[in-house]
Every structure is written in C-alpha cells, then in structure tokens.
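Colleague: Sequence:
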Amino acid sequence: MHDASAHSVLTTMSIDISRFIDTAAWSAGLSDEQLDRVKQDASVQHYRTGEVVCQRGSAPQHWLGVIEGALRIDAVDGGGRCVAFSSVFAGAWLGVGAILNRQPRPYAVSAVRPSVVTLVPLATFQWLLDDSRHFSRWVIDQMIARLDQDLALIGNLLLSYSEPRSGWQEGPRSLPSLAQEAALKKEHALRQCIQAISMMRKQILQSSDSSQAASEAMAALLCAADEAEASAWNALRP
Numbered sequence: 001m002h003d004a005s006a007h008s009v010l011t012t013m014s015i016d017i018s019r020f021i022d023t024a025a026w027s028a029g030l031s032d033e034q035l036d037r038v039k040q041d042a043s044v045q046h047y048r049t050g051e052v053v054c055q056r057g058s059a060p061q062h063w064l065g066v067i068e069g070a071l072r073i074d075a076v077d078g079g080g081r082c083v084a085f086s087s088v089f090a091g092a093w094l095g096v097g098a099i100l101n102r103q104p105r106p107y108a109v110s111a112v113r114p115s116v117v118t119l120v121p122l123a124t125f126q127w128l129l130d131d132s133r134h135f136s137r138w139v140i141d142q143m144i145a146r147l148d149q150d151l152a153l154i155g156n157l158l159l160s161y162s163e164p165r166s167g168w169q170e171g172p173r174s175l176p177s178l179a180q181e182a183a184l185k186k187e188h189a190l191r192q193c194i195q196a197i198s199m200m201r202k203q204i205l206q207s208s209d210s211s212q213a214a215s216e217a218m219a220a221l222l223c224a225a226d227e228a229e230a231s232a233w234n235a236l237r238p
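Taking our numbering, the leading residue of the sequence shown gets 1, the next gets one more, and so forth.
Check the hints yourself; a few may be wrong.
What the hints assert, rightly or not - Label pairs and their computed distance ranges (CB to CB): (1) Arg-113 with Ala-75: 16 to 22 Å; (2) Trp-93 with Ser-31: 18 to 24 Å; (3) Gly-50 with His-134: 35 to 41 Å; (4) Thr-23 with Gln-103: 16 to 22 Å; (5) Ser-31 with Gly-91: 18 to 24 Å; (6) Gly-29 with Arg-56: 32 to 38 Å; (7) Leu-35 with Ala-59: 33 to 39 Å; (8) Val-52 with Gly-29: 31 to 37 Å; (9) Gly-91 with Arg-37: 27 to 33 Å; (10) Ala-92 with Trp-127: 31 to 37 Å; (11) Trp-93 with Asp-130: 16 to 22 Å; (12) Gly-50 with Gly-91: 31 to 37 Å; (13) Ala-92 with Leu-35: 17 to 23 Å; (14) Arg-102 with Asp-41: 25 to 31 Å.
No lab work stands behind these hints, which were simulated from the structure alone.
Cβ atoms here follow ideal geometry from the backbone N, Cα and C, with glycine treated the same way.
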C-alpha cells in the first residue's frame, strides 16, 4: 500500500499516455488504427521508490514503457547475489526479449524513484508485431542493437585480459609467467563468451512465436550470434 508522501508525489506527475505513445520511435510508421488500438489497450501504473514492477521468474504479460521516473533491472550472478544489470529511464521501453522468448523473466524490475509506467498487453504487442512491418523492423533493430552492446562489453572484457597491466614488473614473478597467466585468463574469458553465446542461441531458438516478423528477428539474431561465436573461436587460435 502506498504511503501518503509517495502517493502525493505520484499524483502530481503529469500523465499523457497518448502523447507518450505518439512520440515513441516505434510508433512513427503506424497507421491511425494501429495507434488507436495500442492507446486503447495500454494502461498506466504508478510505482513508489523501491517498489517491484516485475518479479524475477514471472511470465511476461506486458511490454513496459517508462513515462516518468526510472527503473532498475536486477540480475542474479553465479553466486546467487543480486546485482544491478542496467537502468531504464523515462522515454524508454523494455521487455521485448522476454516477450519474444516467452520464457520467465531472468531479471527483476524495480523503481529507483517514483515512476509512472505504461503497460501494453502481450496480446497487443503480438498483434502489432504481426500487423505492422514497420514495428517488426523496429523490434529487430532493437534486438540487434542490444546484442551489439553485449558483444562490445565482451570485447572490452577480452581487452582487459590481453593488455599489459601497470605494476606487473613490481613483483618477483617473471614477465613470461605473467604473460602466460594473461593468456590463460583470456582463453577462459573467450570460452565463457562462447558458452554465453551458445546459451543465447538456445534462448532464441526456444521462441514459440512462428509469425513472419518473429522469424525474421530470430534469423537476424542467430546470424549475429554466429558471427560473434566465429570471432571468439578465431581469437582462441594461436
């Protein structure tokens, strides 16, 4: 239940869901009929600071757009600890991957400050994906951009293992032994990357959406994953 102070903050927020949808990048190529249905089906929800928007492991029911405020996406690391994965600010949308995979969310979403979120039902999202070529192209571009970001992070990780670090010559260990250690760390990181790409490919293939738009998105993502895996294997070669 909202406390009085949080409720007063939330009720002062200006909410114009129609304008929010009209100004979204994905809506630019939609017909009036398509826009009207999205606006009619969408709802608005207020969240206090720290309030959970989506539970980890929950089935995706909506596509989320942040009208005001900010959300935090929390993942769980290998040791079971909760870590901040990324933040989503006003104007952004999230949840495409979970919807396309139709798998329980591998992360939790919570509000980092009083926030207003619009919720587009899963059925409306799927209808729009099938009915609008422009929207399906936008979804594909978003998924590819997200994959590129992930691969860039992997690339930075590999560079951190391959570049000499300051202070290496200060200890009693020899440069050859340090170089060998760096090579082993780089190989370990590369193999972790290959394993992550393999898991990503498996998640893509698990999608039960057989629409043309979803098939095109899967093909584009699989192509990007194949290229990334090939690059990782090439980097492992002596």
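Colleague: Compare the structure with each hint and give your call.
Modeller: Here's how the hints hold up against the structure:
no. : hint                            : result
1   : Arg-113 with Ala-75: 16 to 22 Å : holds, 20 Å
2   : Trp-93 with Ser-31: 18 to 24 Å  : holds, 20 Å
3   : Gly-50 with His-134: 35 to 41 Å : holds, 37 Å
4   : Thr-23 with Gln-103: 16 to 22 Å : violated, 31 Å
5   : Ser-31 with Gly-91: 18 to 24 Å  : holds, 23 Å
6   : Gly-29 with Arg-56: 32 to 38 Å  : holds, 34 Å
7   : Leu-35 with Ala-59: 33 to 39 Å  : violated, 27 Å
8   : Val-52 with Gly-29: 31 to 37 Å  : holds, 34 Å
9   : Gly-91 with Arg-37: 27 to 33 Å  : violated, 22 Å
10  : Ala-92 with Trp-127: 31 to 37 Å : violated, 22 Å
11  : Trp-93 with Asp-130: 16 to 22 Å : holds, 18 Å
12  : Gly-50 with Gly-91: 31 to 37 Å  : violated, 22 Å
13  : Ala-92 with Leu-35: 17 to 23 Å  : holds, 19 Å
14  : Arg-102 with Asp-41: 25 to 31 Å : violated, 19 Å
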